[in-house]
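J.: So the chains spell out like this:
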Amino acid sequence: MDVVPYLSAVILISTIATIFLAVLSYAAFKLRDKRRPKAKKGSSEPVYFHRYRNRPGAEGAKVEGDPEAPA
Amino acid sequence: MPAKLRYGVLACLLLVGITGLSLGLYELLRDARFELPSTFLSVATWMLFGFLVLLILRYIGLLWFSYLNHLERDDAEPTSLPPVTILVPAYNEGAVIQGSIRSLLQLDYPRYEILVIDDGSKDDTTVKASVYAGDHGRATVRVITKPNGGKARALNTGISQATSEFILCMDGDSALHPQTLRRAIRHFQNPATGAVAGSVKVVNRTNLLSSLQALEYIEGLNMVRAAQGFFRLVNIIPGPIGIFRKSALQKVGGYDHDTFAEDCDLTLKLLIEGWQVNYEPGAIAYTEAPEQMLDLLKQRYRWTRGILQAISKHKRRLVDPRGGFGVTFTLWYMIFEGILWPSMNVFGNVLFVFIAARYGTALPLVLWWAQLTVLDLAAALYCVVVEEESLLLVPYAIFYRAFFALTIDVAKLFATFEELFKLRMDWGKLERIGRI
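Taken in order, these protein sequences are the chains called A and B. When we follow our numbering, the leftmost residue of the first sequence carries the number 2, and every step to the right adds one. When we follow our numbering, the leftmost residue of the second sequence carries the number 277, and every step to the right adds one.
Just chain A, with the same shape it has in the complex:
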């Protein structure tokens, strides 16, 4: 019995299914991430971390509201 067509079908389907599931999982992760608690309105205190902001042309990057950030 020639198993090549069956093997190739299994490989194809598992690859398509993996890509499909990977995209769905990423969407689910982003959705869950959006539902996490956010900083209160008007409060400058971040809930988890300072926002990362890259400055064009600079060696370093700046962090908003961070007094220790490189000038």
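Careful: at least some of the hints might be erroneous.
Straight-line distance between alpha carbons at most 35 Å, and here's what the computed DSBU-like set of lysine-lysine pairs gives [stated by the list, open to error]:
{"#": "1", "chain 1": "A", "residue 1": "31", "chain 2": "B", "residue 2": "522"}
{"#": "2", "chain 1": "B", "residue 1": "522", "chain 2": "B", "residue 2": "591"}
{"#": "3", "chain 1": "B", "residue 1": "574", "chain 2": "B", "residue 2": "591"}
{"#": "4", "chain 1": "B", "residue 1": "527", "chain 2": "A", "residue 2": "31"}
{"#": "5", "chain 1": "B", "residue 1": "422", "chain 2": "B", "residue 2": "280"}
{"#": "6", "chain 1": "B", "residue 1": "591", "chain 2": "A", "residue 2": "35"}
{"#": "7", "chain 1": "B", "residue 1": "527", "chain 2": "B", "residue 2": "280"}
{"#": "8", "chain 1": "B", "residue 1": "522", "chain 2": "A", "residue 2": "35"}
{"#": "9", "chain 1": "B", "residue 1": "527", "chain 2": "A", "residue 2": "35"}
{"#": "10", "chain 1": "B", "residue 1": "574", "chain 2": "A", "residue 2": "31"}
Treat the hints as calculated values from the structure; they're not laboratory data. Computed from a predicted structure; not experimentally measured.
On the provided structure of chain A, position chain B as indicated by the hints.
T.: Just chain B now, with coordinates in the frame of chain A:
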């Protein structure tokens, strides 16, 4: 209906649905009426061929240099064992902090200090850690608290409070092998060595996902570090275990907190400053890996964006090799591993599936996968033997290629796009299970 049965039924329905959709897509591709232009096909074929060659070269290169590093290993006892300070930054690590300290007190080393830095935890981390504060013979435990400011600031506080010239930085949720300090400290007999990266191993091999990560840590991360260690150019000292020369840390200003991969950023700063960064497979940290897919994606999302931020921060060195060609090469290698490799993997898979489905090239498809799987199995076997790990991990290499690597690469690709478009991101924190 019991919860387990409900989840089982849901999982079966999902599997049937996904298989049905995949079959439908497969049929759609096979029966598609349009023809691809021959130019596109020939370019795609050459790209796939190039991808295959690159993949094999990458494997051979990594295996070869990690093997050379393995041969170079010197197991002799170091001539001196200087005091070491172990920094344990902890934020809401109440579930695991006592286990971490207990494992640290078992270390086989004559004199060391354990410094727990509570980063403004909202749980009982300080109380639980303080139980161990005081003198324990060879080891002294100190607990300091500070307002919450992130891991980088906590480690910087610890560095300023450390009393030893050598500092081990770890995570609050990790545990160390008893021989870790003895094995790592010998590298510092070379005055050019600024830091040593240890080997991270997954402790919770409880399901398919965490077992795949156990293999990934050995094959995908430790093997790469071993190869880089041959050139003394390790590019990421992992968060769970890094041993540093304090003067080197002070010279580069400690950890910065402007990226989400502060360990990668610090390693790059050390390399730029001219320090050598080595790898020690015998310095082992055991860590908890995410057991759920969404937690794993969250971790990889942060790693990917953090590494890209670190590359962006030091981008001047990409085109300026005056400070040492090694740093420039390392940065380009990081771009290859961080952006190019995942893109090629996803693109290669999609293209190959499309062409195979459309033009019915069954045999090349099977051969392609067979040779990739053989490569994966061979690499996994080598790494498992070298790292004296369980041989039971080797068969996971089959799932690694078919499922794990592709899923992670898709997430990496999305994260890369988000970083390129500078979308907002938060630190977040993985919930620990407390298996250590």
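J.: Which earlier hints can't be squared with this structure?
T.: Going through the list in order, the structure violates hints 1, 4, 5, 7, 8, 9 and respects the others.
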